[in-house]
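Protein chains in written order, with our numbering: chain A, 1 to 909; chain B, 1 to 909.
Because the hints were derived from the structure by calculation, they are not lab data.
These numbers come from a predicted model, not from an experiment.
There may be inaccurate statements among the hints.
Any copy will do: because identical chains look the same in the list, a pair fits if it lies in one copy or spans two.
[Stated by the list, open to error] In silico DSS-like pairs for lysine-lysine, Cα to Cα no more than 30 Å straight-line:
#1 K783 / K833
#2 K175 / K678
#3 K743 / K816
#4 K746 / K233
#5 K175 / K199
#6 K845 / K783
#7 K821 / K783
#8 K833 / K845
#9 K505 / K75
#10 K118 / K636
#11 K829 / K233
There are 2 protein chains.
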Amino acid sequence: MAKYVYTFGGKTAEGKADMKNLLGGKGANLAEMCLLGLPVPAGMTITTDCCTAYYENNCELPNGLMDSVWKAMAKIEKTMGAKYDDPDNPLLVSCRSGARSSMPGMMDTVLNIGLCSKTIPGLVEKTNNPRFVYDSYRRLIMMYADVVMEKSEGIEPADGQGIRKQLDDMLDEFKSKKGYKSDTDLNTQDLMKLAEAFKLKVKEVLGSEFPDDARAQLEGGIKAVFKSWNGKKAIAYRRIEGIPDDWGTAVNVQAMVFGNMGNKSATGVAFTRNPATGENQFYGEWLINAQGEDVVAGIRTPNPLNDATKNDQNRSMKSLEELMPKIYKELCDIRHILEQNYHDMLDIEFTIQDGKLYMLQCRVGKRTGVAALTMGMDMMHEGLIDDDEVVMRLSPAQLTELLHPILDAADEKKHKVIGKGLPAGPGGAVGKIALTSEKAKEYNDAGINSILVREETNPEDVEGMRASEGILTARGGMTSHAALVARGWGKCCIVGCDDLTINMKSGEVTIGEHKFKEGDTLALNGAKGWVYGEAVAMVDATENPNFKRFMAIVNKYRTIGVRTNADTPEDAMQAVAFGAEGIGLFRIEHMFYGKNGEKPLKKLRNMILANTEEERRAALNELEPFVKEAAKGTLKVMDGMPLTFRLMDPPLHEFVPQTPEKQKAVAKERGMTYEEVKARVEALEEVNPMMGVRGVRLGILYPEISEMQFHALFSTTAELIREGLDPHLEIMVPLTINVAELKHQKAIADRVQRDVENGYRVKIEYKFGTMIEIPRATIVADKIAEVAEFFSFGTNDLTQMTLGFSRDDVNEIVPKYIKNKIIAADPFKTLDKEGVGELVLEGMKRGRHTRPDLKCGVCGEHGGDPDSIEFFYHNGVNYVSCSPYSIPVACLAVAQASILKKRKNRNIK
Amino acid sequence: MAKYVYTFGGKTAEGKADMKNLLGGKGANLAEMCLLGLPVPAGMTITTDCCTAYYENNCELPNGLMDSVWKAMAKIEKTMGAKYDDPDNPLLVSCRSGARSSMPGMMDTVLNIGLCSKTIPGLVEKTNNPRFVYDSYRRLIMMYADVVMEKSEGIEPADGQGIRKQLDDMLDEFKSKKGYKSDTDLNTQDLMKLAEAFKLKVKEVLGSEFPDDARAQLEGGIKAVFKSWNGKKAIAYRRIEGIPDDWGTAVNVQAMVFGNMGNKSATGVAFTRNPATGENQFYGEWLINAQGEDVVAGIRTPNPLNDATKNDQNRSMKSLEELMPKIYKELCDIRHILEQNYHDMLDIEFTIQDGKLYMLQCRVGKRTGVAALTMGMDMMHEGLIDDDEVVMRLSPAQLTELLHPILDAADEKKHKVIGKGLPAGPGGAVGKIALTSEKAKEYNDAGINSILVREETNPEDVEGMRASEGILTARGGMTSHAALVARGWGKCCIVGCDDLTINMKSGEVTIGEHKFKEGDTLALNGAKGWVYGEAVAMVDATENPNFKRFMAIVNKYRTIGVRTNADTPEDAMQAVAFGAEGIGLFRIEHMFYGKNGEKPLKKLRNMILANTEEERRAALNELEPFVKEAAKGTLKVMDGMPLTFRLMDPPLHEFVPQTPEKQKAVAKERGMTYEEVKARVEALEEVNPMMGVRGVRLGILYPEISEMQFHALFSTTAELIREGLDPHLEIMVPLTINVAELKHQKAIADRVQRDVENGYRVKIEYKFGTMIEIPRATIVADKIAEVAEFFSFGTNDLTQMTLGFSRDDVNEIVPKYIKNKIIAADPFKTLDKEGVGELVLEGMKRGRHTRPDLKCGVCGEHGGDPDSIEFFYHNGVNYVSCSPYSIPVACLAVAQASILKKRKNRNIK
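Okay, chain A solo, but in the shape it has when bound:
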């Protein structure tokens, strides 16, 4: 049998930090902490391989596994000085999941395993605390019944009918009968009675006995954790996070220590630096006399770790620093040891049992984008990490988050803060109140921004959290479910807003004295935890000086070009400010949109509705000045940098009125009959417009359309040269299928160029290239490159035609394909490397066979997708082009790919 069990404890361990794949994150880090000499309760990790074996073995533990477990238990017993299932000196254990990648709250945990009629008396004697023992016992029964006996058996009770809910109800009923307000009012007798009642209820509901056998309890716990890898919540989470289903989870069986053994006991979680802002402050929360899940569950508002990090909500509460200074000091030392060892910010869990500190978990902490930026830059200055590592420390998603808007501070001043909570997720958000996950999704589907407002969130809410712009909860701390998830996504989130009450029945929300209904608008400042009862203006968050310094480092490591897709001087300026080195895609169609587009649109329509070439030419003559103006403005901004002008691309029918009313108006305007206009519009309709008359086909069918554009561009260029500017014009032909199309267009361009050069007496230089966006173009790229001086891969269209996926229609297909594991990701978001990617590579290879210095760029959506950029980087693309706000992310993706390549090469050497 493979080695499935790794022990740790007593300053030694069989595993270590870099064995995450095998031991899961939690197990690997517990081992590492032992090796660092930190106080960790002894335990064992059952490997992820064992989970795989368990599933392959039809959900049975591998033969001999339990023998290894009991052998490892003997080691734990020795370290802890207690014995599992021993009547006199019993050891209790916890059983927790731990996957390669953190999946907070998504899998199941059982605590206090080992309590049974055989061991209870001994523990009572040992702790001299019968109340504690019976409280632990009733908790074990509740958890075990829920996790091991119900969920892991695949029983799916109706909502609110689960065993856990029924036992909770019994507890509440008991308390109310006794007139108790809190769980702590329950005395030993109460707890003994409850435990017996719980066991009867379990038998009644689930049909089997709660096992009064410590060894059986442990085996059940291990199986249940493995089983929870494929629980609904876990699967849903993996889908969102892109975690493969076959990784499996490890199981950590660890000696229990108790934070709930009285006022010298406590439990807490902490971050070695502030995970929201990145400040170099020890930051955490703790609860006296509590078990770990009490903090995470957000049921009680926890105390602050130290005085420096107190906030409005917890200023009056005592910090650990104040109440247990010695232990706080010990924790600070541990913080230092861990950061020096991991070179990163860590998220830790600790328990204080009767005055003694235990470390229960450490892992690299999740953080907001701004925190990642601040920490990275700080750690570089502290000498903890090199500058290439700074680049690696910000994920593209975190950088995107940095570019996300925040509330406009100036506008905030004009509005009243009506509620305050903990600043759990970054940025700002404005949206309509959604009281359920479903409502948030509904709003999202309708394109409406929402704020998910909840008492507290739980894993069932993740989809709604994703669909909303921001999250606001009444309860929970900085490490509550809502806070963890929101921060992971860089989503604006405020938790523990005490002034908030929600009446689910009436759909009413009260914040202080302000009343709202679902659908009313709120605004959140996620950095401060402030809530506004109305919309507040939003602004960019890129003025952070660290951001600029960070981008300078990124650009040092970036090895291929980044251009922008921009159609206006404003966008071009923004992109250049973000580091764009040129325009990879200028879409002239933009000039027809919006208020300013009305005039040129009218001319364009005249062109489209013309009956003869003469009429068309006349309309084009009137249109040309607008094209010139549009091109000139942006060419000026891009002075000295390339601007790739794509010839008019969309099908003409997109520009003619579709409703009878509008058609009548146009008819009147043009002196045509309504029937004529209608007939012309109908003639332009196509069954599959994506594969119809557009792109270069327009220029072949109506050469005068291309001619006009060439004339506008060359005369603009000539004028700019005369003004002393340095325009770098690149003309790009879209939708090309063969070289004959390019030759046809080039002949027109050459003729117009000669005319304009003669007219202006100026020498015009430009590059003539093409988009490669039809599969055939990649196949005949060698011939196309005879004329094209550059290629720009239009991966949007190329994806459509390579997969036969109409972008307008795939919403029906792609989600179901992903769900059925037919495809791994949306090919319009992340490049289909195996299919579309191969065509791109083939196109580049063939093109460069003809023209070795052929410049190849990418200007589809994928040009802004980090995963796709990595692929392009490794395969010889010269530049990617993306929207202005994606520029920093694209730069980062290139830099990271380049650093990883360098590291890999170093390792190979």
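Knowing the structure of chain A, use the given hints to seat chain B on it.
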């Protein structure tokens, strides 16, 4: 300088028959006839290379060319015993085009070159026939002004304003003033006057003098012929015939002989066998005292060549056999020599000058499909050709023509023949009268069959001839323009219908006493030359016993499989009768079409409109018996042969009612509201349905649809096995993009297979494969072949997505693309080998890398296109699948490709 000039004459020649590419067909065959010792007027051929050089040289003759011409002229003078440009014994020459491939009437000719004031008196003296000389002179001026001075100078006069028309009008005016009825009434004085008047008119209209210089005339003639290669007519013809623009034409300069020198002179054309029926009869027409173009132009109805081939129209006219028996005998000997030399039927032109026979042209003659078949089989029996050559002798188009319908003889008896003409083109035709080429095209565009009815046709009519079902002319013989062109295309054609008169002004057509208007219906029997004044039923023409013998030889040489695309037992039977070896594409959708489809369509609609999986399953259960029935009928016909069943493919919206009325009816029927039905229909609408939810996507989104089909197929198979039959079921998944889709569907199939096997206690065998019709599938074909046991390339869809050409929308694009030389042919008719073809090859290569014995077929339209089939054959496709009526053509294409390959290999060895 390259050798641009090749001489021939006096039983010797510098060229020979196999030098067609260089000398053009006419030049090469003139040389060959000299080598065979036949009486050919001496001449020279200026090569096609010279034409290329002429165009490369900006339409100037290469330097030194005229020197070579004059050198060659010296040889001609010696052979002919006369001198060009000599005042005493002048030689006249003709100047004719001659391309690699015959382009009858498409390029220009100038006759009588060399007549000028210097040479006229000598010729008058020599011939002692001043009228003949001046008639020749006025003809030279008319032709030269038209061809050399107007057309070749690029002058494009308005319709009816050309110089030729103006001179013709002058001639007519002169005749009417004099009261002459015919040209032959003109005397020498008249012709002298006319010639002088013509020259003044030419100067007036064209601004330059008719050259009174023999040497200048010849140089002008040569240039004009080269120039006419790029005349409008020639370009249009090449486009239709697929002749490359860069081949160029040769120019033949040949000593003139005159068929118009009196009653011992004549001119004629003949075929060594009957070109319409293939009968082994010498078949031709001739005119006494006429020049060659008089026969071809169809102005006079010509005499029959011999008694055996007289027909109703010319029975009263004298044959050459009767009037000039000695010359007829000489011609018969020549006929024999030529057939023995060429092993084929030849089309010859001859002139008799004052009792002496001259051969002016010979070439392999155009023929109808049935003639080709008859001649091929006859020549094989005569030992002239081998059986592989028989296969090569029928072009796929001719075989198609054989399969084309003829008038139903039984039905013909019920109708009255209202007119008779020459049976110039094969088959039968029924259609509406079109009086102009434009009208015929208009009808064709509207999907209406037409008969083009004309006085006579000329090259300007070719497009209209192509667009019509049949051609009927009032004038012309079997070798008139209409007859030649129609036969080349295998199109039904009747010429020389004397009873026919056309009034273009009123649009009225009279045939005998019957009056018609444009748009009225006629029927033609092209084999007999009979015209009916109403529609006649049509039937197949495949009952010819030669056809069956021919197909047996074809199948002997066929080396890859031919299957059919058939959806009904009837089609399947027809295909098997034609030689299909299986069904390559069975489309279950067919069951929903037509009257019989109404019931299953209702069930299908219920399935589509269902709201839940349960409803959908219930509807599918009701649909299954229909699917079983449809599959069973055809599987029975195909007993022992493979049947490839394609899973349901079309988008569901194709099956739901689109109009409000129909939607209301369906709503009522199903107990739904109209709004519900409308909403469901709208939900199914797609922007680009070609790339939407169809094919395997249906089966992934609604697995129960596939499950039902699997169940129907397997239980049908089980039942047929029980009945003692031998079904070979192949299940084909359409629109696959990756192997996961196949695995998903295969898992369902496997499960259903087990169930059905258990239920029927029968072992079911079947093959599981896929269509390869999305570009991505060709790229990941290696993975797809892990599951697919066969590939069938769906080249229709593959063409759409590889080129981004929506089949429904390309009518706007493809014709203009072909016209602009962007593409050479319609990619939906002839495979785009460079693009789509390469993907097919790549797909096969990758698929066979995984599964070396992977069976690969083609089931798009291209499976029936000979040119595409040749490509598939050479590249390892196992079979092609096409519509039943394309089966013989597909077999022929494969056999021909296979014979050509064998011949090539033999030549290499």
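Checked hints:
Taking CA atoms no more than 30 Å apart as the test, K783 paired with K833 passes in both settings, with 24 Å inside one copy and 14 Å between copies. In this assembly of identical chains, K175 and K678 lie within 30 Å of each other by CA distance neither inside one copy nor across copies; the values are 76 Å within and 56 Å between. Taking the shortest Cα distances, K743 and K816 sit within 30 Å of each other only across copies (15 Å), while inside one copy they are farther apart (43 Å). Taking the shortest alpha-carbon separations for K746 and K233, only the inter-copy value of 28 Å comes in at or below 30 Å, while the best intra-copy value is 57 Å.
For the identical chains of this complex, K175 and K199 are intra-copy neighbours only, at 18 Å inside a copy versus 127 Å across copies, given an alpha-carbon limit of 30 Å. Both within a single protomer and between protomers do K845 and K783 lie at most 30 Å apart by alpha-carbon distance, with minima of 12 Å and 23 Å respectively. For a Cα distance limit of 30 Å, the shortest separation of K821 from K783 across copies, 16 Å, qualifies, whereas the shortest one inside one copy, 38 Å, does not. For a Cα distance limit of 30 Å, the shortest separation of K833 from K845 qualifies both inside one copy, at 16 Å, and across copies, at 20 Å.
Proximity of K505 to K75 under the C-alpha cut-off of 30 Å is found in neither arrangement, the shortest distances being 54 Å within a copy and 114 Å between copies. In this assembly of identical chains, K118 and K636 lie within 30 Å of each other by CA distance neither inside one copy nor across copies; the values are 85 Å within and 74 Å between. Taking CA atoms no more than 30 Å apart as the test, K829 paired with K233 passes inside one copy only; the shortest distance there is 24 Å, against 53 Å between copies.
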